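Chain residues, written in single-letter form:
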Amino acid sequence: MAAQAAAREAPNRPMVPITYYLLLAAALFCMGMFGVLVRRNALVIFMCVELMLNAANLTFVAFARMRGDDLGHVSAFFVIAVAAAEAAIGLAIVIAVFRSRGSVLVEDIRTMKH
Amino acid sequence: MNIELVLFGAFALLTLLSAGTVIFARSPINSAMALVSTFFFLAGIYVLLWAHTIAVMQVLVYAGAIMVLFLFVIMLLNLGESPTRGKPTLARVAGGAATVGLFAVLAIILLKLPAEPATLSLDAQASFGTIATMGEVIFTRWLLPFEAVSLLLLVAMVGAVVVAKSRI
Amino acid sequence: MTLVEFFRAAPVAPDILAPSLWLIIALPLLGAFICGVFGKMMGRANVQLVACAAVAGSFVLSVLAFWATSHQNPETGRLAALFPNPFGIERDFVRYALAYDYGTWFSVGDFRVNFGLMVDHLSGILLLIITGVGFLIHLYSTSYMEHDAAYWRFFAYLNLFVAAMLTLVLADNLILLFVGWEGVGMASYLLIGFWYDDPAKAWAGRKAFVTNRIGDFAFLIATFLLVLLVSAFTQQANASDYSTAGTTAQHYKAALAQKGPVTFKGLEKMAEGLVDTNVDQVDLSTPIKAGPLEGYTFGGVMTAAMLLFLLGAAGKSAQLPLYVWLPDAMAGPTPVSALIHAATMVTAGVYLFSRMSALLVLSPTAMATIAIIGALTSLLAALIAFAQDDIKKVLAYSTVSQLGIMFMGVGMGIFWAAVFHLMTHAFFKACLFLGAGSVMHGNGDETDIKKLGGLRKEMPWTWATFLIATLAITGIVPLSGFFSKDAILHGAHLNKLGGLEWVGGVVYYLGLLIAASTAFYMTRAYLLTFEGPRSKEAKVAHAHESAWQMTLPLVVLAVLSVLAARYAFGINFFDMTAQPVLENFLSPVFSASKRIAEASTLVQLDSSRPQVFPDYLKAWAVALAGGGLAVYLYRVFFPARVGQPVPAYARAVRRAAQNKFYVDELYELILIRPVKFMSFLLFRVVDALVIDTVAVRGTAWVTARVGSALRYVQSGDAQAYAAVMAIALLGGVVYALIQVMQ
Amino acid sequence: MSFFDTHLLNLVVFLPLVFAALVAMLPASENGQIRTVTLIAMVVDLVFGVWAYMAYVPGGPEFQLEYRARWFDLFGTSYHVGVDGLAVSLLLLTVFLGPLVVLASTTYIKFRIKEFHLALLVLQTTMLGALVSLDVLLFYIFFEAMLIPMYLLVGVWGAEDRQMAAVKFFLYTLAGSLLMLVAIIAVYFISAPVGARSFDYASIYNGLLSANQQLSACTTEGNCESLTGLAATLHTWGPWLFAAFAIAFAVKVPMWPLHTWLPDAHVQAPVAGSMILAGVTLKMGTFGFWRYAIPFFPVATQQARPFLATLAVIGIVYGALMCLAQRDIKKLIAYSSVSHLGYCMLGILAITAEGATGSAYQMLNHGVSTGALFLLFGFLYERRHSRLMADYGGIAKVMPVFTAAFVIITFSSIAVPGTNGFIGEFLVLLGTFKSDLGEAAGNAHLTAVFGAFATLGVILGAAYMLWMVQKVFFGGLTHRENQHLTDMNLREGLTVLPFIALVLVMGLQPQPFLDRLSPSTDRFLARARVGTPGAALEVDRLRVEVMSLPSPLVAAPSAPVPLAAAPAVPSPRQ
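Residue numbers (this note's numbering), protein chains in the order written: chain F, 1 to 114; chain G, 115 to 282; chain H, 283 to 1024; chain V, 1025 to 1598.
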């Protein structure tokens, strides 16, 4: 029985190290951030934010795999949900702003000054 | 040379490529499309990580719902190509540089940290990341956050309507 | 039954009387309260009744107390008026005194003050003067203030004053004495400013109080020094020190714990302990080991304390440099001047030093200073009095001058004479003031003696009493003033202050000069007021004699100022070598100082009697000379030269004297203005400018500027902010990296 | 063990708040009712306050009438109240002023009456809370909360420049107390290892105690480099922490040169504001020095004493001189406060039994006499609406009773023997003369200099107060407006009477009050002397003993169970 259990152990085929996934996530995150920082179109900036969120998700999931439990998945799940909400509100705002200003370029929307 | 690594490499490459397109595409519509592909390839990566549920959700929620939102908005505002590349202000240059630097540093750190996937028993593998297991945790241990999120979504919906509507 | 036996059989035995000593103070206090609170609704007559009754009551009690101080047990025939000295050993009794301790007033740490009252022969005499003269003056006031609407306030204040003054003399410790000390100051402030709607009078009251406060400042510091001195003594003294003081360490410390460090008895004991008997540990030249006074010698601290007390006494008793308030204090109603500023309050300084004679004799320096201050004050005041035309001012300066003489007495260590002069002065000066008041009353409040004159016939009673009092103060045999003053001069002549022998001589000759000038200005005042023709500018053509309430006190006081002379003679009147009655009577009080003076040969106190020849004759001649000069000048010389121009120098001298030698102006210049100026300067510069404007508003200004400077950084460009965030993030990660590296 | 034994202080502190809720429910138009309810609240509070004062046993343990309940265990803070002798005396003063303040404002305040009384009640609660709290964080909360109602009192019901004055007052105090907050958190962290940390006064003090002893020991030897652990920390940071506390409290006192908010605040504040400000708020500063700053950092105190004492003496003389420069009566009284509080500080810094007790007594005196002065002037201001002496003169003619009252209070303020002022001032000066301030400053003889300069205040005090009295009350009735001023009415008389009574009682029978102060004095001295080199330590007096935290089982915030388990009054220990 013990032997059987040993046999039922996972086959030791070489696996992709989690580090790769994390590197991918990092790259994704940085690209998103880059976009957020350099693009002027509010919509695109939003997309980049989505990218960053995904990077985060990827990290969660990767760690979940690494630790072998579901927590990361749950977090990712919530992140997705929140991202949906965020997107809805954000896009609504973009629309509102476009209505009022006729543009979605951030330099046209410098309302944060005074 | 195993199949998993190959798949990972492929997906990762494509993900990064489409992500790059998202950032650099001139017209928003292209960015949006690239984003969709990014989501899809990420879903693939999730599968490689045995996170089937998340992969599915990724496709459904992101590639499905969110993207549609984006596209609608783009159509709605019929945004053409952004006329010019906008003058590179100090902020942008600095920010860009910072992100590059950030990636470099992160990379160094990550490479220093050895991280191996856990080895799971077969039945553990069988149940890992399935709807069943996730549903179980979400509806038992994470019930309250779950409900909170549902509420959040509701609020977001109403908020979106209120904000976006020209006159109520 | 001889007089002596009569005095030794008190109606109330001391041990019965002692517990009710507080009533002596309480009665006038109660009177003050009733008059002050209900006076308005009670009506004039009742107020007068209450006020006089209160004082009369405490007068009766004072008589009983005074009587009890020499009470003898009828069976054994031994003295009954004694109580164990808490600071002494078991068999150590304070004789010819009664005391009662009403328990703690306040006690903190090892400091404690008790409500302790004590009557001995010294305070007994003062009691009688205060309540007796006080009563007469209350009686006088009933008539004098008959037209004043605020009579109730007046009598309330007067009673309050009496109460405070009684506290002062009854207290058995410095702090309780200080209560009375300040209390009388307060009462005199209220009474001087009684007619407050005249700003000058209110100002005079304030001047009096503040000047007194300067004295109190010194008084307090001196008290603190004594407290420190006592603690140093208890730390350093050895058995023999205590035995010199006739006590032991545990007795003394127990008494300290029980009665506090500032009781007169305790200080007396310490003074005795400080006397040098080669075996002892502590004497005047011993440096203090520990504490704030570390390094100073006991003697030095004692001298400092005594000099500070001198400043305090100078404030209360109007001596240099603080005499300036007294002449202005004449702004108050005349009875007040008589009671407070002649008879009682101003003598507090003399009382204080007599009380602490035991400490005083340890410091010849202080004694000499006191004597010289007294002499100079006396002379200065006399000179100023030459040229004053306001009768009350003349009397005021004469008071200052007489107080100076008392200080001479105290300073030269002839305490009994000082007290004697205090007593006689209380009589004749009160009589003079009341006489002046009567004169004013009868002449439409005219106080300028140039505008009076010829009252002799119109106011016979006033005239007679005033004349007697004048003779008394000028020192004409056989009136009391002569003997008291002469006793002081005699003592001053013969007593020797260690190391400062010259002082005696100086003071003596100054004293003679003062006596002459006193005679001069008093005679002048008398002549101008009562003799000669009635002045043309007189307010009323014919003065009227005052009512009996006013003349009666005059008569009584005049009689007293004659009879008091008796005390200058021995029990047996004709024995010219016997010890004077008063000296003998007061010897229990001053026994300690005498002992100390003998033990520590710092001062030699001479106890000889002045003889008819040469002392009396000399003094008499001097007085006569002064008086005669005045008579000549004002009866013969000036009347003959009316209309002729006065020589310039004379006018200059006269103006200077009239303006009190510009002392007030001097103080104004060197003291008051600088303080006022400094306060304004500090207020404008430090408070308003430096702190408020520069420091406070400056900070605000800087903050505002910095804020507006930072405003330019805020571009409102969201991406710029994001970039900053990114850079910050980068920094954080780099930090993390460095951490990982190590 | 009845309800009151455990909850007496809670009652005293929170009754005003409860009544405030009641007042809040009343319609704003019902001025009469609002006043009455507030007055009742204050009177009831007074009753309980007196009860607490009586219940305090001088001989008993340090902190009595203690109550402690769990509160934010996470921060290691708990709701912990209790009083020592000083606190209970100041508490008495506070509740004593309460009703009088309300009475004083019945006609003075003309608008926003409801809000005004709410502010009064809340202020009362915060002040009492600050006095009784034995948890440093709790104290800080009350200490800060005090600012808000006071700010409103000055800023809403004040005179012309109320805004400026209120803001100045607020910023001044806030700047100080924020520093203190930092210091509080710092001591919280250093005084105990992780896990054992607590904001409780006792634990912080006891935590610092041994380190302080080591520190003072090594300071006497002069080699503090070898110190380790907490002692070393205190060696480096103690002075800074002390400075933070000291500045916070020095602003409140206020000590020269941090005093300039006081005149403005006093001048602008309504009569109630001035009374409370002078009566209680200022005492928070001296109280803070006494309770927190000095015991926590005795060594730093020892180093700073000469400096602080110099400031105190400057304050005494300077304040008095300022008074001579004033034309504005309220400003004069305010500056006299600066002078009087200088005495309090000097007494505390003297670290002698006489000085400390005298200072504590002077705190009470100042509350009574200056409070009364502001009250009386408030009456005058209501009638005449001018603060300038020049606008008065000869008032005594038309307002004799008022004048009498004012003069009596004046005598108390200038410390005429027989009034309360004398006892306090005398003891402070005596304590100063007996103190070792001189040695601390380097030369033993300097003590006398400190004392002498402080005693100068006696002269100047008489000078300025009597000057003011003369200008206002004496002389001729020069102004026509003054000729028809009415004398005090019954209500006003009744308001002043307690003050006069207290002036005389405290002057003639101080011992009962002193008896309650002396135990705290002894402990304060013992703790302060930890810093003085070569002083004999009364070890039994050093540690702070308080009741322990009730066990979680009975942690229901109002459950007196842990107390019930303990022996009878006073103040059980566990």
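Some clues are possibly wrong.
[Said to hold, decoys possible] Below, a list of computed lysine to aspartate or glutamate pairs in the EDC-like style, where the Cα atoms sit at most 16 angstroms apart:
no.	chain 1	residue 1	chain 2	residue 2
1	V	Lys1421	H	Asp480
2	V	Lys1134	V	Glu1184
3	H	Lys821	H	Glu728
4	H	Lys778	H	Asp888
5	V	Lys1421	H	Asp430
6	V	Lys1421	H	Glu728
7	H	Lys732	H	Glu813
8	H	Lys733	H	Asp672
9	V	Lys1421	V	Glu1505
[Said to hold, decoys possible] So these bits of chain F aren't anywhere near chain H, every CB distance computed over 10 angstroms:
no.	residue
10	Tyr20
11	Ala27
12	Val36
13	Leu37
14	Ala96
15	Arg101
What the hints contain is simulated information worked out from the structure, not anything from laboratory work. As the structure is a computational prediction, the values presented were derived from the model and not from experiment. Even glycine gets a Cβ: it sits at the ideal position worked out from N, Cα and C.
Structure-based check of all given hints:
{"no.": "1", "hint": "V:Lys1421 - H:Asp480", "result": "holds, 12 angstroms"}
{"no.": "2", "hint": "V:Lys1134 - V:Glu1184", "result": "holds, 15 angstroms"}
{"no.": "3", "hint": "H:Lys821 - H:Glu728", "result": "holds, 7 angstroms"}
{"no.": "4", "hint": "H:Lys778 - H:Asp888", "result": "holds, 8 angstroms"}
{"no.": "5", "hint": "V:Lys1421 - H:Asp430", "result": "holds, 14 angstroms"}
{"no.": "6", "hint": "V:Lys1421 - H:Glu728", "result": "violated, 26 angstroms"}
{"no.": "7", "hint": "H:Lys732 - H:Glu813", "result": "holds, 11 angstroms"}
{"no.": "8", "hint": "H:Lys733 - H:Asp672", "result": "holds, 10 angstroms"}
{"no.": "9", "hint": "V:Lys1421 - V:Glu1505", "result": "holds, 13 angstroms"}
{"no.": "10", "hint": "Tyr20", "result": "holds, 19 angstroms"}
{"no.": "11", "hint": "Ala27", "result": "holds, 14 angstroms"}
{"no.": "12", "hint": "Val36", "result": "violated, 6 angstroms"}
{"no.": "13", "hint": "Leu37", "result": "violated, 6 angstroms"}
{"no.": "14", "hint": "Ala96", "result": "holds, 16 angstroms"}
{"no.": "15", "hint": "Arg101", "result": "holds, 14 angstroms"}
The structure fails to meet hints 6, 12 and 13 from the earlier list, while all remaining hints are met.
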